[in-house]
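Protein chains in written order, with our numbering: chain U, 75 to 394; chain D, 75 to 394.
For the record, the hints were derived by calculation from the structure and aren't laboratory data. Incorrect hints may appear among the rest.
Intra- or inter-copy, both count: the list cannot distinguish identical chains.
In silico EDC-like pairs for lysine to aspartate or glutamate, Cα to Cα no more than 16 Å straight-line [claimed, not checked]:
hint, residue 1, residue 2
1, Lys375, Glu334
2, Lys147, Asp185
3, Lys318, Glu372
4, Lys94, Asp371
5, Lys318, Asp363
6, Lys147, Glu314
7, Lys375, Glu117
8, Lys94, Glu358
9, Lys375, Glu333
10, Lys94, Asp219
Remember, predicted model here, so these are calculated numbers, not experimental data.
2 protein chains.
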Amino acid sequence: MAATGRTAAELEERLLAGDKRALARAISLVENDDPEGWALVREVYPHTGNAAVVGFTGPPGVGKSTLIGALVKHAREGDRDVAVLSIDPSSPFTKGALLGDRIRLTEHFLDPGVFIRSMASRGSLGGLSEATLQAALLMDASGKDDVFLETVGVGQAEVDIIDHADTVVLALMPGSGDSIQALKAGVMEIPDVIVVNKADHPLTDTMIREIRGVLSLAPQRGWRVPVVRTEALRGEGVAEVAEKLAEHREHITAEGTLEERRRRNLRNEVMALAMWRMRRRLEEEVAGDAEVQAMLDEVVKRRLDPASAAARLLERDTRD
Amino acid sequence: MAATGRTAAELEERLLAGDKRALARAISLVENDDPEGWALVREVYPHTGNAAVVGFTGPPGVGKSTLIGALVKHAREGDRDVAVLSIDPSSPFTKGALLGDRIRLTEHFLDPGVFIRSMASRGSLGGLSEATLQAALLMDASGKDDVFLETVGVGQAEVDIIDHADTVVLALMPGSGDSIQALKAGVMEIPDVIVVNKADHPLTDTMIREIRGVLSLAPQRGWRVPVVRTEALRGEGVAEVAEKLAEHREHITAEGTLEERRRRNLRNEVMALAMWRMRRRLEEEVAGDAEVQAMLDEVVKRRLDPASAAARLLERDTRD
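Please put together the full structure from these sequences, using the hints given.
The structure is reproduced here in structure tokens:
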């Protein structure tokens, strides 16, 4: 059902007033790529920029959802309004396991000061990434003090999403060696705060030593990356994580790097949105176009090379 | 130095004859985004499609280079010509560690039947990914029987590169738990062959059990993913890996899926090349354009939303 002009204005008003159902509806519009959703983001955009946006990354299974759940509880105790946006991977055969994680957040479902939403990576990752960022803007506009973005995995798509956060947390657990190797090899960006969860594991000290070793190799910045140990399930160490998040925010505000980050992030977002639209336009043109299919056949038969085929595609695009 | 028409034809001839120096020069042209490089790929493209292209992925530190070095040795014993293309991560502060890995391949440097090349992810990942694929085509055209693509990390950029292989190997070692979690969560595609390297580790059996558990959850395909244990440094298990690679190739050839894969890969490559060119055109237009900078300022000041800014960028693009 498309909303009329009147209901669109109503939705905007309720969203800005912090109404949870209005926020949920607005995010659905964005997720379904409804033009009304984009229009809404456009209208409320001047009311954004107030939330502290924190991105959480790290391999699946380390307890990110549990950590976020504990941080939400902590924020509520300080009377802060919180929104959580989780990005689920697309695999159909393990949905159950990940939904199990999600359940840890359900204790907050009835709290009007907490908004929780999952987005599935159904379509192209580019599209998901853009929808995520639009959803985060809507959460910001609805007056949330904290917006937590959670991704699964540590790939490029996750980086694109996390890059739009003011503060980035990498969550690890003893035994998640790949991530440390990736940090060491420079494949993964150095985060702002590192959390070692499930810290009751006997190998925790070894791991923290290893992390500090990697950090000591990284180029020195003004901010010294803290490594916090937590047992999120029991709430251990969570207050310290919250403190480090607040400290990081103060640091980047005082240093002026918050403005710099946001400028860079917004620039990247504009470019990503432009590219995403171009890609979609191209995909639409290509799908089912007999001429393009014939051209691809030529490529498969090794008669036309991929770069020349790409150039022809672009020429067509300009011609239209 | 730009080559004249005559030297371009000479380069092509020498490349097709399998000359190592010609191949090295051709790849440099592609890497430097020299139009002559693209022209060369166009010319030799009809001579591609014969090599068995195998992609190796997995976290840094598991010994991928050692494994590939051992596979190269094995291939040479069977008198096969081999090319290896390694993608290095961009971090400046850990180059040493990774170059150390590379050294394990140096014993083959003087063998005319082996060609080894590293490409650094200097520029945009899109650009690197495209250059990599062009380089792989050049290796194929120069008559190599096997082309091994090695990437560091398991992110999206690596997936893009690895996706163009006929066979994908995931290399792990006991303790690299993140990758198994990522497989389990469906963040990572199921590879065709899994190698557990450094299999003298006491936790090897546990890990193999875990991997088999994940594989049993995955949707069944015609090919049963083998899990091979190796100690690549001592050559243990390497012949078995080579055997599994050959078996996989036979399987996809017999089933007709090799053609299917290549068709899909080539289609993706054409799209990726088109997008990469569009992105570059957009980036060039945006850089240093006062009008665009002023527009971005409006976005930072929350007066203009990112999606509207992106739409304006695209309109400009169409206008030009």
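Next on the checklist: Need the list of violated hint numbers for this structure, in ascending order.
Outcome noted: 3, 4, 5 and 8
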